[in-house]
Amino acid sequence: MNPRLTVMATLLLTPTAHLHAQQYPSKPIRMIVPFVPGGATDLLARLVGARYNAAWGQPVLVENRAGAGGNIGAEIVAKAAPDGYTLLMNSASATVNVTLYPKMAYDLKRDLAPITIVASSPIVLVVHPSVPARNVTELLKLAKSRKDTLIYGSNGTGTTSHLTGELLAQMSGVKFTHVAYKGAGASTLALISGETEIGFPAVTSARPHVATGKMRALAITTKRKSSVFPELPTLDSMYAGFDIDNWFALWAPTGTPQTILSQLHAEALKSLQSQDMKNFMQREGAEPVGNSQADFAAHINREIEKYARIIKLSGAKVDG
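Here my numbering is used: position 179 in the sequence shown is 1155, and no number is missing along the way.
Hints in this document: simulated from the structure, not taken from any laboratory. This structure is a prediction, so every number in the text was calculated from the model and none was measured. Among the hints, a few may not be true.
Only pairs whose alpha carbons sit at most 20 angstroms apart, straight line, appear in this in silico EDC-like list of lysine to aspartate or glutamate [as the list claims (entries may be wrong)]:
(1) LYS1079 x GLU1279
(2) LYS1199 x ASP1271
(3) LYS1201 x ASP1212
(4) LYS1201 x ASP1219
(5) LYS1199 x ASP1212
(6) LYS1158 x ASP1018
(7) LYS1293 x GLU1281
(8) LYS1246 x ASP1018
(9) LYS1117 x ASP1212
(10) LYS1199 x GLU1263
(11) LYS1201 x GLU1263
(12) LYS1282 x ASP1083
(13) LYS1254 x ASP1018
(14) LYS1079 x GLU1281
(15) LYS1199 x GLU1279
(16) LYS1190 x GLU1207
(17) LYS1055 x ASP1083
(18) LYS1201 x GLU1260
(19) LYS1085 x GLU1279
(20) LYS1199 x GLU1281
(21) LYS1158 x GLU1171
Based on the provided sequences and hints, a complete structural model is requested.
This is the structure:
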């Protein structure tokens, strides 16, 4: 090709490519939430989406695609075009599912590009008021002294509320009996009624019941203390490395251009400064995160390894 023509073609194409990059987004963005509406994952998706809309003038359509512990919605995003117009807001369950489900139609690390963890919400170890234990040491001593095992309820097999109990059993050497319920509401009612004796709810779910004496809070399951229960010790202070929380994060399909991922990351971090987001954090007892893509990717690896160990030792299997 004539060198002069090559130079002219380059000059013509370069502004077009630059303009195309600047134009993202030029149409509505779809954000998949793999759970039913109204939960923390759904609310965070709408708050981050509102920031994207304010920044770019394009609507963000939150679509709830629940099922299979979050796998149905995640698969939709994993198989979507990597153009920045289909995103995923998911929870820590994504890293649990890698081991819990023997077969999945997508690979979390291969098919989804991490953007950032938006927020983290601690879990609290609570007991029914009939349990004569005022702290974790007394609880474990009681459990060892009883002929029958203490019963703890969870929101379902493979949930963080279930695996927290399994980790406590593994690290303390104390056996508990696990009962899986269908959701947080059912497990909370079971504990309040005395059907179960121990629970691991989110701090905000526990707060009103602790205030009215229907539950007694003993410890926080994250390494950091909770703003909701600042007086409680962490289980990490008793068993080094004990760290389980509910975290919520943003992904895009693998192959999405880095310029777009960086744009999505920057605006997600800005959303953490909005008053609506701050109100959410205060209400939910959550903590803003906003880590880098690299830090998030490293966190995913650690979480997969942690939950794989817990699941394999406990023999936990997915419901159904």
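>> Between the alpha carbons of LYS1254 and ASP1018, is the straight-line distance 20 angstroms or under?
In response: 16 angstroms, holds
> Is the straight-line distance between the alpha-carbon of LYS1199 and that of GLU1281 20 angstroms or less?
Replying inline: 17 angstroms, holds
> Between LYS1282 and ASP1083, does the CA-CA distance stay at or below 20 angstroms?
Replying inline: 17 angstroms, holds
> Would the pair LYS1246 and ASP1018 pass a check requiring their Cα atoms to be no farther apart than 20 angstroms?
Replying inline: 18 angstroms, holds
> Is the straight-line distance between the alpha-carbon of LYS1117 and that of ASP1212 20 angstroms or less?
Replying inline: 18 angstroms, holds
> Keeping to a limit of 20 angstroms between CA atoms, is the pair of LYS1158 and ASP1018 held or broken?
Replying inline: 19 angstroms, holds
>> Hint check: LYS1199 vs ASP1212, CA-CA at most 20 angstroms. Holds or violated?
In response: Since the Cα atoms of LYS1199 and ASP1212 sit roughly 6 angstroms apart, the hinted pair holds (cutoff 20 angstroms).
>> Holds or violated: LYS1199 and GLU1279, Cα atoms, limit 20 angstroms.
In response: It holds: about 14 angstroms lies between the C-alpha atoms, which stays within 20 angstroms.
> Are the Cα atoms of LYS1055 and ASP1083 separated by 20 angstroms or less?
Replying inline: Roughly 10 angstroms separates the two Cα atoms, so the pair holds.
> Taking only the CA atoms, is the gap from LYS1293 to GLU1281 under or equal to 20 angstroms?
Replying inline: Judged against 20 angstroms, a Cα distance of about 17 angstroms means the pair holds.
> Taken at face value, is the distance from the CA of GLU1260 to the CA of LYS1201 at most 20 angstroms?
Replying inline: 15 angstroms, holds
> Taking 20 angstroms as the top limit, are the C-alpha atoms of LYS1199 and ASP1271 close enough?
Replying inline: 17 angstroms, holds
The structure meets every hint from the earlier list without exception.
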